[in-house]
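Colleague: One letter stands for each residue in the lines below.
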Amino acid sequence: MMSNEEWMEAYKNGDVVGFEQLYSRLYEPLYCFLFRYTREDQLSIDIVQDTFERLQYIKQDFDHQKGTVKAFLFQIAYRLMINKLNRRKKWRTLFPFLVPTSSHRMSADERLTIQEAILQLPEKQRAVILLVYYHDLPQEEIAQILSIPLGTVKSRLHNAMRTLKEELKEEDFDA
Amino acid sequence: MLKDEFQKEQWLKDSLDQDKVEIPKQLITYKKSRWQRFLQYLASPTKDPLEPICTSSVGYTSLKIVPIVAAVFITILQILLQ
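Those protein sequence lines, which keep their order, are chains A and B.
Last residue of the first sequence: 175 in the numbering used here, with the numbers rising by one and none dropped.
Last residue of the second sequence: 82 in the numbering used here, with the numbers rising by one and none dropped.
Hints were generated in silico from the structure; no laboratory data involved.
Since this is a predicted model, take the numbers as computed values, not measurements.
Treat the hints loosely; a few may be bogus.
Said to hold, decoys possible - Pair by pair, the computed Cβ-Cβ distance ranges are:
{"#": "1", "chain 1": "A", "residue 1": "Lys165", "chain 2": "B", "residue 2": "Gln36", "range": "40 to 46 angstroms"}
{"#": "2", "chain 1": "B", "residue 1": "Asp48", "chain 2": "A", "residue 2": "Arg88", "range": "18 to 24 angstroms"}
{"#": "3", "chain 1": "A", "residue 1": "Lys90", "chain 2": "B", "residue 2": "Thr55", "range": "24 to 30 angstroms"}
{"#": "4", "chain 1": "B", "residue 1": "Lys64", "chain 2": "A", "residue 2": "Lys165", "range": "49 to 55 angstroms"}
{"#": "5", "chain 1": "B", "residue 1": "Ala70", "chain 2": "A", "residue 2": "Ser155", "range": "58 to 64 angstroms"}
{"#": "6", "chain 1": "A", "residue 1": "His158", "chain 2": "B", "residue 2": "Pro67", "range": "57 to 63 angstroms"}
Claimed, not checked - DMTMM-like cross-link-like pairs, simulated, lysine to aspartate or glutamate; straight-line CA separation at most 25 angstroms:
{"#": "7", "chain 1": "B", "residue 1": "Lys8", "chain 2": "A", "residue 2": "Glu167"}
{"#": "8", "chain 1": "A", "residue 1": "Lys154", "chain 2": "B", "residue 2": "Asp17"}
{"#": "9", "chain 1": "A", "residue 1": "Lys90", "chain 2": "A", "residue 2": "Asp50"}
{"#": "10", "chain 1": "B", "residue 1": "Lys8", "chain 2": "A", "residue 2": "Glu141"}
{"#": "11", "chain 1": "A", "residue 1": "Lys70", "chain 2": "B", "residue 2": "Asp4"}
{"#": "12", "chain 1": "A", "residue 1": "Lys89", "chain 2": "A", "residue 2": "Glu40"}
{"#": "13", "chain 1": "B", "residue 1": "Lys13", "chain 2": "A", "residue 2": "Glu141"}
{"#": "14", "chain 1": "A", "residue 1": "Lys84", "chain 2": "A", "residue 2": "Glu28"}
{"#": "15", "chain 1": "B", "residue 1": "Lys20", "chain 2": "A", "residue 2": "Glu40"}
{"#": "16", "chain 1": "A", "residue 1": "Lys165", "chain 2": "B", "residue 2": "Asp19"}
Unchecked claim - Here are some, though not all, of the chain A residues that point toward chain B, as calculated from beta-carbon distances under 8 angstroms:
{"#": "17", "residue": "Glu28"}
{"#": "18", "residue": "Cys32"}
{"#": "19", "residue": "Phe35"}
{"#": "20", "residue": "Ile45"}
{"#": "21", "residue": "Tyr133"}
{"#": "22", "residue": "Gln139"}
{"#": "23", "residue": "Leu157"}
{"#": "24", "residue": "Leu164"}
{"#": "25", "residue": "Leu168"}
Where a beta carbon is used, it is the ideal one built from N, C-alpha and C, also for glycine.
Starting from the given sequences, assemble the full structure and let the hints guide the process.
Modeller: Written out as structure tokens, the structure is:
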């Protein structure tokens, strides 16, 4: 079975099957990361599609010596997401009355608690905890995706875990 | 691996495991066009800009009276200008 990196090399050499393989393997983890970060399904779908669209233009920039395809795609997706969110913040500052109300519905109290707790984390901590826990990525790849030093990954993870524990305990206490 | 840090925090681990994500079928099929996204944006629920006024009884009354007063004012103005 070919690895992601081998499919990427094939795609760089013009094999369209390589792209299809990468898409079918990586759209799910990408979507999960983006959705957990934003809690917006349409935005996450759009960013996944934009990420693969962008990959088509910059596929030659991928170097397997520097990292994995997964980290490369997560990096593209993360940057696209941050840009979109920043742009949206500016528009919302200009037109605050046009802010859409949340249409996402939680099904259970417990799920609502953990989802809200993750959303309430500071953005820098949120990305780290999602990449570590749900995607099990090594420290080097997370540092590459978020463009931060290696040591910062660990410190942000510890801060995120501490904040999350405090938030969840507070909510348990309130309940 | 960094995930090993969670081994000591079983309670936190259990909480995080409860967050499941459903993958939408739409992701596999197609991307929405700009036009569709624009229509969706127009159709999405928005905050009511008059909500702060409508929530108080004084604000609600003034919201009903202001158009009437404005209509009377414009009518009088038109009569005087003739």
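Colleague: Indicate, hint by hint, whether the structure satisfies it.
Modeller: Checked hints:
The supplied range of 40 to 46 angstroms is met by A/Lys165 and B/Gln36, whose beta-carbon atoms lie about 42 angstroms from each other. About 20 angstroms separates the C-beta atoms of B/Asp48 and A/Arg88, a value consistent with the hinted range of 18 to 24 angstroms. Taking the beta carbon of each, A/Lys90 and B/Thr55 are about 28 angstroms apart, inside 24 to 30 angstroms as hinted. Separation of B/Lys64 from A/Lys165 is about 51 angstroms and conforms to the stated range, judged on CB atoms against 49 to 55 angstroms.
As the Cβ distance of B/Ala70 to A/Ser155 is approximately 60 angstroms, the hint placing it in 58 to 64 angstroms holds. Taking the beta carbon of each, A/His158 and B/Pro67 are about 59 angstroms apart, inside 57 to 63 angstroms as hinted. A distance of roughly 18 angstroms separates the Cα atoms of B/Lys8 and A/Glu167; the hinted pair therefore holds under the 25 angstroms criterion. The suggested pairing of A/Lys154 with B/Asp17 holds, with an alpha-carbon distance near 21 angstroms, which does not exceed 25 angstroms.
Taking the CA atoms of A/Lys90 and A/Asp50, the gap is about 21 angstroms. The hint holds against a cut of 25 angstroms. The straight-line distance between the Cα atoms of B/Lys8 and A/Glu141 is roughly 23 angstroms, inside the 25 angstroms bound, and the hint therefore holds. This hinted pair checks out: A/Lys70 and B/Asp4 have alpha carbons roughly 21 angstroms apart, not beyond 25 angstroms. Taking the CA atoms of A/Lys89 and A/Glu40, the gap is near 15 angstroms; set against the 25 angstroms cutoff, the hint holds.
For the given pair, B/Lys13 sits about 22 angstroms from A/Glu141 by alpha-carbon distance, which is consistent with the 25 angstroms threshold. A hinted pair counts as satisfied when its Cα atoms are at most 25 angstroms apart, and A/Lys84 with A/Glu28 qualifies at roughly 20 angstroms. For the hint pairing B/Lys20 with A/Glu40, the CA-to-CA distance comes to about 14 angstroms; that is within 25 angstroms, so the pair holds. A C-alpha spacing of about 15 angstroms is found between A/Lys165 and B/Asp19, which places the hinted pair at or below 25 angstroms, so the restraint holds.
Here the hint on A/Glu28 is kept, as its CB sits about 6 angstroms from the closest CB of chain B, short of 8 angstroms. The beta carbon of A/Cys32 comes within 5 angstroms of a beta carbon in chain B, closer than 8 angstroms, and the hint placing it at the interface holds. Among the interface hints, the one on A/Phe35 holds; its C-beta lies about 5 angstroms from the nearest C-beta in chain B, closer than the 8 angstroms criterion. Because the smallest distance between the Cβ of A/Ile45 and any Cβ of chain B comes to about 5 angstroms, under 8 angstroms, the interface hint for this residue holds.
A cut of 8 angstroms between beta carbons decides the hint on A/Tyr133: the least distance to chain B is about 5 angstroms, and the hint holds. With 8 angstroms as the threshold, the beta carbon of A/Gln139 comes within range of chain B, its nearest partner Cβ sitting at about 6 angstroms, so the hint holds. With a cut of 8 angstroms, the hint placing A/Leu157 at the interface with chain B holds, because the nearest CB-to-CB distance is about 6 angstroms. Against a cut-off of 8 angstroms between C-beta atoms, the interface hint on A/Leu164 holds, since the closest Cβ of chain B lies about 6 angstroms away.
Hint status for A/Leu168: holds, given a least beta-carbon distance of 6 angstroms to chain B, under 8 angstroms.
This entry satisfies every hint, going by the numbered hints stated previously.
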